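**Student:** Please work from the sequences and hints to get the whole structure.
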Amino acid sequence: MAMAAAAPFKVGMKEIYLPNFTVCLKHTPSQPPTSASFLVPLWFSKLDLRDYLHNVYSLAIGPTIRSYVQQSRIRQGQVKDPARPQYKRWHRPRATKRMTVELERPFVWPAEPEDFKPWNKEENKMADQEQSAMQERLGGTKDALTIPTERRVKMREQAKALLEGRERWRPGGGRGVEGIGMFSR
Amino acid sequence: MSIQPLRSALQASSFNNASVILPAFLVPSVFHVQSSSFSTTSHLEGRRDANRNRGVSALRRTGLRKRQTLSVKVEDLPKPVLDPAQRSKIEVDENHALWQFFSRDKQPFYAVEQLSAPGRPWTVEELRRKDWEDLHRLWWVCVKERNRLATEAYERERVNAGYGEYEYLKRVVAIKRTQRAIKHTLTERWYGWEEARKVAQNDPEVNLNAIADGGAAYTPSRKSKRNKDEKPEAVTAPDPALVEAAVAEDLRTHVPLPPDQPSIENRARA
Chain A
1 MAMAAAAPFK VGMKEIYLPN FTVCLKHTPS QPPTSASFLV PLWFSKLDLR
51 DYLHNVYSLA IGPTIRSYVQ QSRIRQGQVK DPARPQYKRW HRPRATKRMT
101 VELERPFVWP AEPEDFKPWN KEENKMADQE QSAMQERLGG TKDALTIPTE
151 RRVKMREQAK ALLEGRERWR PGGGRGVEGI GMFSR
Chain B
1 MSIQPLRSAL QASSFNNASV ILPAFLVPSV FHVQSSSFST TSHLEGRRDA
51 NRNRGVSALR RTGLRKRQTL SVKVEDLPKP VLDPAQRSKI EVDENHALWQ
101 FFSRDKQPFY AVEQLSAPGR PWTVEELRRK DWEDLHRLWW VCVKERNRLA
151 TEAYERERVN AGYGEYEYLK RVVAIKRTQR AIKHTLTERW YGWEEARKVA
201 QNDPEVNLNA IADGGAAYTP SRKSKRNKDE KPEAVTAPDP ALVEAAVAED
251 LRTHVPLPPD QPSIENRARA
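Chains as they are written, first to last, in our numbering: chain A, 1 to 185; chain B, 1 to 270.
Hints are computed from structural coordinates only; laboratory data are not their basis.
For clarity, every value in this text was computed on a predicted model and none was experimentally measured.
Every residue, glycine too, gets a C-beta built ideally from N, C-alpha and C.
There could be a bad hint or two in this list.
Unchecked claim - Heads up, incomplete: computed chain B residues facing chain A, CB under 10 Å, no partners named:
#1 V92
#2 K183
#3 E205
**Tutor:** Laid out in C-alpha cells, this is it:
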C-alpha cells in the first residue's frame, strides 16, 4: 500500500497495526456536499478520525470535525425464534457515535437506482405492512396495553349505545351459557 | 428634601418673630446651605437607553425593536433554493477519496448478485507462504472492504431497499475469517520464534548477543555432522550485497522472520 503523504497535522508516536473496527460513510442529503458524516466506534476521538482518513483514504479534510453520540431507545430482546418471543428482556443497546468532517472538494452521492426490483422493495413493503397490522390485532409486543384501532371504534359505538339507552348493561359482560354477549342479538 | 421644610419652618418662624429652639444636631444646617442636589443622576439623561440592542436576541427570536434598522434589508438577503432540481449541479472529482467507500461501478449499494458472488476466505495454508508486508496489506484490504460493505448496508437500510442483508452478512463473515487466518499465521510464527529463542538460550553453538559483541552468531561444534573434507567455519556478519540477494531469495521461497524481529539486513548493518 502506498505510504500517505506527510500529514498536515501533528502526528503522534504510537503506531497501530491490524486494527479491527469499521468506519461507515453516511448518506446525508440534507447536509451540503462539502461535508461528510461517518459512523465511528464509540471509543473514537476526532483526532483518531483525522488520522484514519488521512492514512487509510488519503482524504484531505478541513480543520473542524464535529461529533455527537446518539443514545439508542430502550427495546425488548431480538426475536430470533418466533416460537419463543423475547418479551420483557428490556435493554438499551449501545450508543452510536457520528462525526462530521468538512471536505476540501465537494462530494455528491451517486443517485439511487430508479427501479428497486432487484431488491424486491415493493413486496417487502407490503409484507411488512401486513405483519405490523397483524401484530396490532394480536395486541402487539409492547409491555403497555394497546388496543387496536378497530376495537376502539367498536367500543366507542357500544359506549354510545349504552349512554343513549339502546342497550342495557349486564354484569359479567352479559356472556351467557353459549357465549352470547351483551350486544349480540 | 428634609432640609427645605426645616428652612421654611425656620423662615416662617423668623417671619413671625417667634424664637425656635433647634436641637444640637441640627445647628450646622443653619450655616451649611445646600448648593447642589443630593442625587447625581440627571433627569433628562436617564430617560433614553444607550443600548440600542437591549432585549434583542437572535437565539430567542425576539425580533427587532421599534424603528430599529439593520445594515441589510430583508429583501436583499439571499434566498435558499429549496427545490433540489433547480440547484446548480456539482462536479464530483472522479478520483475523490470518498469513492473508496463505494464499489467499482460507483453505485450506492451492491446488486444482490454481486454480494453473493463466489469468493472464499484465505486459508491459513495459503497465508503461511506470505511475508509480513503482504499480510499487512491484505489486512487493510479486508478493513476497507468491510467499510465499503457497512456503508452500503447502512444506505440500503435507510432507503428500505429490500433484500441484501443476508448476503451482506455472509460476505462479512468471509472477510472476518480471512482476518482471523492472518492473525493465526502471525501467532504461529511468533510461537515458532519464541520456542527457537528459548532453545537457543541453552544452546552453546548459538550466541544471542552476537550483534552487541561483534562475534559469530552460530559456531557449529566439531561433533556436528559434516563431511571429513570440510572444515568448520564460524559464520560472521555477511556482505550487504550478499545479504540483499539472500533476502530476496528468502522472500520468494521460505517463510521469513516474524515482524518484530530485526530482519537479516538490519542485523547485518547493526
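**Student:** Now tell me if each hint is right for this structure.
**Tutor:** Status of each hint after checking the structure:
1. About 5 Å separates the beta-carbon of B:V92 from the nearest beta-carbon of chain A, less than 10 Å, and the hint is met.
2. For B:K183, the interface hint holds, the least distance from its beta-carbon to any beta-carbon of chain A being 7 Å, beneath 10 Å.
3. Because the smallest distance between the Cβ of B:E205 and any Cβ of chain A comes to about 34 Å, over 10 Å, the interface hint for this residue is violated.
Hint 3 alone, counting from the list given before, is not met by this structure.
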